[in-house]
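Q: Sequence:
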Amino acid sequence: MKKFFYLFVFVFMLSVFGTAVFSDGGIVIGAGTYDDNGYKLNYRYYLPEDADTVSYPVVLYLHTAGERGNDNSSQLNYGLPLLLFRYGMIEDYPAIYIFPQAGADEKWVDVEWSDGVYSTADTPETPSLAAAIDLTLSAAEKYNGDSSRIYVTGISMGGYGSWDCVSRHPDLFAAAVPICGGGDPGSAEAISHTPVRAYHGDMDNVVPISGDLQLSEKLSDIGADAELTVIPGGDHFNIWQFAYEDSLDWMFSQRKESADDIKPSAEIHVSERYSKPAALIAVLAGIGLLVLFSFIAYKLFYLLAMHYLNNKR
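Each residue of the sequence shown is one higher than the one before, counting from 375 in the numbering used here.
There could be a bad hint or two in this list.
[Unchecked claim] Distance ranges between label pairs, derived from CB positions:
| id | residue 1 | residue 2 | range |
| --- | --- | --- | --- |
| 1 | Ser627 | Gly440 | 26 to 32 Å |
| 2 | Pro606 | Ser488 | 17 to 23 Å |
| 3 | Glu423 | Glu563 | 40 to 46 Å |
| 4 | Ile670 | Ser584 | 38 to 44 Å |
| 5 | Val428 | Ser512 | 31 to 37 Å |
| 6 | Glu563 | Val428 | 31 to 37 Å |
| 7 | Glu591 | Lys414 | 36 to 42 Å |
| 8 | Lys414 | Leu674 | 41 to 47 Å |
[Claimed, not checked] Each computed BS3-like pair below joins lysine-lysine, with the alpha-carbon atoms no more than 25 Å apart:
| id | residue 1 | residue 2 |
| --- | --- | --- |
| 9 | Lys481 | Lys414 |
| 10 | Lys516 | Lys630 |
| 11 | Lys516 | Lys414 |
Rather than coming from a laboratory, the hints here were simulated on the basis of the structure.
For clarity, every value in this text was computed on a predicted model and none was experimentally measured.
Note that the Cβ used here is the ideal one computed from N, Cα and C, for glycine as well.
Build out the structure end to end from the sequences listed, making use of the hints.
A: This is the structure in structure tokens:
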């Protein structure tokens with residue numbers, strides 16, 4: 375019976391957690407290690423088949439804390455890569471994608487995430503983020519990327535990194551989409567050179583929404599093209615899909631302009647498409663799936679056990 379117990383555990387874990395396993399669906403995703411003056415950064419990348427003849431936009435995606443490591447694959451398991459390659463959104467948003475992986479003990483921005491805000495003047499740019507930006511520029515040049523359409527986006531730790539990128543490199547990115555992140559309100563003038571669409575759940579208990587609120591208020595004061603979408607009932611883990619579905623069309627429509635050409639539109643608004651009832655429904659649906667998978671695993675275990683007992687008679 376012991377082997378059937380282990381089989382049951384395996385089937386149960388696979389049924390519940392199997393969706394976190396990355397599948398490329400036959401899409402070719404390259405891998406490499408970038409050497410930035412001695413600092414080694416693992417990364418994955420995606421190139422459209424006709425990248426040698428078509429100048430595509432370039433997207434730098436910064437993963438969350440949960441995908442750190444040195445396996446050079448975990449950064450594909452969550453967030454934007456999941457939507458692109460598992461759920462087929464790559465067909466709608468072809469681009470050169472760069473997916474760097476920070477080391478197990480590294481951060482894109484070396485701050486306490488629970489603070490929500492920090493000062494770039496007091497916080498040096500991390501080697502991992504500096505290397506990720508250099509890698510992105512190198513890929514844009516090597517693979518015929520459109521230098522007027524370089525974008526940065528990320529979730530949580532990557533949201534911090536996205537804000538940091540446009541704070542320190544105001545003339546580089548055509549747009550930024552930070553999700554559940556935080557940044558430096560004192561860098562509002564530098565940030566204002568880049569259009570931003572930020573997203574944060576009002577129930578986030580990991581990275582407080584207060585940081586994004588402060589940033590948005592500062593950007594609004596100077597008429598920057600920056601918007602913060604506050605998602606009612608959204609926590610730290612359940613808003614990223616909505617955020618990308620809501621922002622990608624906008625992001626890919628942006629081209630790098632001079633600061634004088636950026637149209638003021640800074641505001642904070644509450645999403646009407648993602649309400650607290652919707653968040654509750656999402657949670658209940660998740661619980662329902664867990665119960666369903668558990669029931670299927672139980673029935674499988676029962677049938678295997680009965681088969682085993684019948685054979686012993």
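Q: Can you list which hints this structure breaks, lowest number first?
A: 5
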